[in-house]
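Trainee: Listed below are the residues making up each chain.
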Amino acid sequence: DTEVTQTPKHLVMGMTNKKSLKCEQHMGHRAMYWYKQKAKKPPELMFVYSYEKLSINESVPSRFSPECPNSSLLNLHLHALQPEDSALYLCASSQEGRNSAGQGAFFGQGTRLTVV
Amino acid sequence: GIQVEQSPPDLILQEGANSTLRCNFSDSVNNLQWFHQNPWGQLINLFYIPSGTKQNGRLSATTVATERYSLLYISSSQTTDSGVYFCAVRPSGTYKYIFGTGTRLKVLA
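Just so you know, the protein sequences line up as chains A and B, in that order. By my numbering, the letter at position 50 of the first sequence is numbered 50, and the numbering carries on one by one without gaps. By my numbering, the letter at position 33 of the second sequence is numbered 1033, and the numbering carries on one by one without gaps.
Derived from the structure by calculation, the hints contain no laboratory data. Take these hints with a grain of salt, some might be off.
[Said to hold, decoys possible] With a straight-line Cα cutoff of 27 Å, these simulated DSS-like cross-link-like pairs (lysine-lysine) come out:
id: 1; chain 1: B; residue 1: 1096; chain 2: A; residue 2: 22
id: 2; chain 1: A; residue 1: 19; chain 2: B; residue 2: 1106
id: 3; chain 1: A; residue 1: 36; chain 2: A; residue 2: 22
id: 4; chain 1: B; residue 1: 1096; chain 2: A; residue 2: 41
id: 5; chain 1: A; residue 1: 9; chain 2: A; residue 2: 53
id: 6; chain 1: A; residue 1: 18; chain 2: A; residue 2: 36
id: 7; chain 1: A; residue 1: 22; chain 2: A; residue 2: 53
id: 8; chain 1: B; residue 1: 1106; chain 2: A; residue 2: 38
id: 9; chain 1: A; residue 1: 19; chain 2: A; residue 2: 53
id: 10; chain 1: B; residue 1: 1096; chain 2: A; residue 2: 19
id: 11; chain 1: A; residue 1: 53; chain 2: B; residue 2: 1106
id: 12; chain 1: B; residue 1: 1054; chain 2: A; residue 2: 9
id: 13; chain 1: B; residue 1: 1096; chain 2: A; residue 2: 40
id: 14; chain 1: B; residue 1: 1054; chain 2: A; residue 2: 38
The shape of chain B in the complex, shown without the other chains (with noise of 0.2 Å):
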């Protein structure tokens, strides 16, 4: 099956610095999603983005779907920021979401 593999696996930051999030993917995907989950275990959809670049607010998205690849970019980070981050994939021809293996971020004050 697809493997969904994410690096960092760990990030710690100061607030106010930037950082870069990356999903990479084994096969072609129909649709490629970033969450955040919360200490509740919440899972907040960031961006639904199965290609191109989107933005919103301090994060933006950029899925090059060709190279099987996404980043999730965090500008100004915020202690409320703090959580796991996973992609999730859906690959072609199924109704399956494959989550990624999740960076786990801390912001520090």
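Isolated chain A, as found in the complex (with noise of 0.2 Å):
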């Protein structure tokens, strides 16, 4: 099972709403990340997980906010988002360590968000 599975496909959410976004790998993967792509411009990492603690936050603005409930599980919770915050989000995982080899980084299909 080489699958990493994100909840929801689309959302569409207020400027005052509340939401998370889900993904799940059973492939027992111990560095997750995720990842914001606008229209026509490549993935840039937000977040990285590396054995369920927070390694790397990309200076993404606190109205994001990721969780690692545990080494399956991650989360990112949405808070008072502005329409520019509306792109396709990204989760990975992948199985090396820092400076192991691995097979690599696999991604879920994506959570479309809109902000209206």
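Since each chain comes alone in its own frame, lean on the hints to assemble the complex.
Mentor: Here it is in structure tokens:
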């Protein structure tokens, strides 16, 4: 099983709403990632969790709040978003450690978020 | 930080043609992957190729890590090959995967 599952696939939310994106993998990977992708641009890294601890935060605004409840799950909590936050949000996982090889990163299908 | 540039940015081919996509990166990396992003946004793993050459059907890839580039070859292209191709690198000593600028491919029937 090389699958990363994201839910929901589509989400429309108002600027005062609170919502969460969910990501799940069962490959035993210990690194998990959130990326944001705007139209016609490459994915941009937001957060990295390693062994369930936040390892990298790429200066993401606090209205995005990541959470890693266990080694298989990754959430992204959304609150008070702006219309410019509308994008495709991608989750990924990978096996390797900081300096070890692996088989690379595997991505979910993404959540297409629209903020109105 | 590391810079990852892909060329060409856009490519239009007739069905059956061959093509070469290039990925240049500015620093040493532990990992390099090629992805195909379909129109629905799914990033499909094509190759995990930190060095050397691999082939999978009509696709092959070569990475020359010492010279900091990778090539993706597509032979006998099909309309289903259309989409955006990204390389992504993981700089040495980090967990980050940094994406290249992408090549948008359109294959015409």
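Trainee: A separate judgement is required for each hint: does it hold in the structure or not?
Mentor: Hints and how they fare:
1. 1096/B x 22/A: Holds. Residue 1096/B to residue 22/A sits at ~20 Å (cutoff 27 Å).
2. 19/A x 1106/B: Given pair residue 19/A, residue 1106/B is violated - Cα atoms ~36 Å apart, limit 27 Å.
3. 36/A x 22/A: holds (14 Å)
4. 1096/B x 41/A: holds (18 Å)
5. 9/A x 53/A: The hint holds at about 26 Å.
6. 18/A x 36/A: holds (18 Å)
7. 22/A x 53/A: The hint holds at about 17 Å.
8. 1106/B x 38/A: Holds - the C-alpha atoms of residue 38/A and residue 1106/B are around 20 Å apart, at most 27 Å.
9. 19/A x 53/A: holds (22 Å)
10. 1096/B x 19/A: Holds: residue 1096/B and residue 19/A sit about 26 Å apart, inside 27 Å.
11. 53/A x 1106/B: Answer violated: residue 53/A to residue 1106/B is near 41 Å, above 27 Å.
12. 1054/B x 9/A: This hinted pair is violated, its Cα atoms lying about 33 Å apart.
13. 1096/B x 40/A: Roughly 21 Å between the alpha carbons, so the hint for residue 1096/B and residue 40/A holds.
14. 1054/B x 38/A: violated (31 Å)
Of the numbered hints given earlier, the model fails hints 2, 11, 12, 14; all others are met.
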